[in-house]
Amino acid sequence: MKAFEIQTFAAGKWRIDSVFDDRELAMFEARRIDQSTRYAGVRVVEETFDESSQLSTTRTIFRGGSADRNARAEPAKEQASGAKPRRNSRNRNARDRAGAKRKQPVKEKKKSMALPLLILGVIVAVGVGALFGLQELSDAF
Amino acid sequence: MTELLSDAQLEDIGEALPKGMERRLALRLLTQWRDLCAGRAFPAFSDINPADLDDMWPNCFVLDTEGFETDPVFRIVGDVIAAKFDDSLIGKRVSFVPPGNLFYVATSYFSAVMQKEAPISRGGGFISEHGDRILYRSVLLPVSDDGISISGILGGANCRKMDD
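Residue numbers (the numbering used here), protein chains in the order written: chain A, 1 to 141; chain B, 1 to 164.
The hints are simulated quantities; they were obtained by calculation from the structure and are not laboratory data. Since this is a predicted model, take the numbers as computed values, not measurements. You may find that some hints are simply not true.
[Claimed, not checked] With a Cα cut of at most 30 Å, we get these calculated BS3-like pairs of lysine-lysine:
1. K84/B with K161/B
2. K92/B with K116/B
3. K116/B with K13/A
4. K116/B with K2/A
5. K161/B with K2/A
6. K2/A with K13/A
Please take these sequences and the hints and turn them into a complete structure.
In structure tokens:
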């Protein structure tokens with residue numbers, strides 16, 4: 001048994017818009033929703049339920065929406081203008097943000113290493129000073 | 001007994017509408033339902049105005065599910081559907097409808113709508129009580145008075161006899 005679920009993306013989440021038992025009708029309606037540009041995203045998920053195993057499998061058979069269109073249009077536009085293919089800026093920004101997050105602990109690590117080094121430096125300086133002082137004393141007497 | 005048939009065979013179902021306008025009752029009613037939602041998850045009973053549903057209304061019905069979750073009650077029945085029954089369906093349970101009837105197949109999946117909390121459209125074919133092969137398409141749309149839990153279902157269905 002198959003069901004075709006139209007899902008729409010709005011306010012940061014996907015929700016079920018409607019469910020059809022007919023693929024063509026679901027695809028027709030999804031394209032109609034897509035053309036209306038009412039939602040940022042629209043997709044059709046085909047759900048197949050196997051009664052013998054009581055398991056269901058899903059696959060997306062249609063993707064639409066302005067966000068998806070923009071993502072597809074960007075590389076095509078760059079190729080047409082002769083520019084070198086560039087990584088998706090949204091993904092790059094995401095990676096940059098992730099990188100910045102990763103760098104944060106490294107900075108903290110440097111800070112935490114500085115303190116023991118400073119203590120060690122002071123101990124060495126005090127030790128050398130003490131040795132020098134003792135030598136000075138032994139020379140005096 | 002229902003037999004699922006290709007939806008392409010159902011395209012002729014619908015009223016005589018201007019060329020280019022969506023003819024299928026299920027899709028037209030779904031569009032109307034989305035407009036009634038006006039940004040909410042579900043429309044309220046009070047949002048349903050027969051005048052807005054225009055020529056679709058005779059093929060529509062409304063089910064009450066609050067307190068009747070397992071066997072909803074007919075609250076409103078359109079003229080085309082009412083004409084198929086000798087007695088009034090209003091106030092009667094869904095289980096009252098006998099098999100081999102458009103209403104039987106059109107209301108058979110109300111529990112799936114309650115579970116999904118989303119409109120569902122199903123269609124196909126069935127053999128009528130007179131032995132005719134009937135093609136149908138139906139849609140069930142959730143309605144909520146509090147905007148959270150489903151308190152009713154707006155439905156629509158139409159059918160035609162298949163040529164021998």
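Okay, the hints, checked on the actual structure:
A hinted pair counts as satisfied when its Cα atoms are at most 30 Å apart, and K84/B with K161/B qualifies at roughly 14 Å. Restraint check for K92/B and K116/B: satisfied, since their Cα atoms lie roughly 24 Å apart, inside the 30 Å limit. About 16 Å separates the Cα atoms of K116/B and K13/A, which keeps this hinted pair within 30 Å; it holds. In summary, the hint linking K116/B to K2/A is supported, as the alpha carbons are separated by about 15 Å, within the 30 Å threshold.
Pair hint K161/B plus K2/A holds up; C-alpha atoms about 25 Å apart against a cutoff of 30 Å. A distance of roughly 24 Å separates the Cα atoms of K2/A and K13/A; the hinted pair therefore holds under the 30 Å criterion.
Against the hints set out earlier in the document, no violation occurs for any number.
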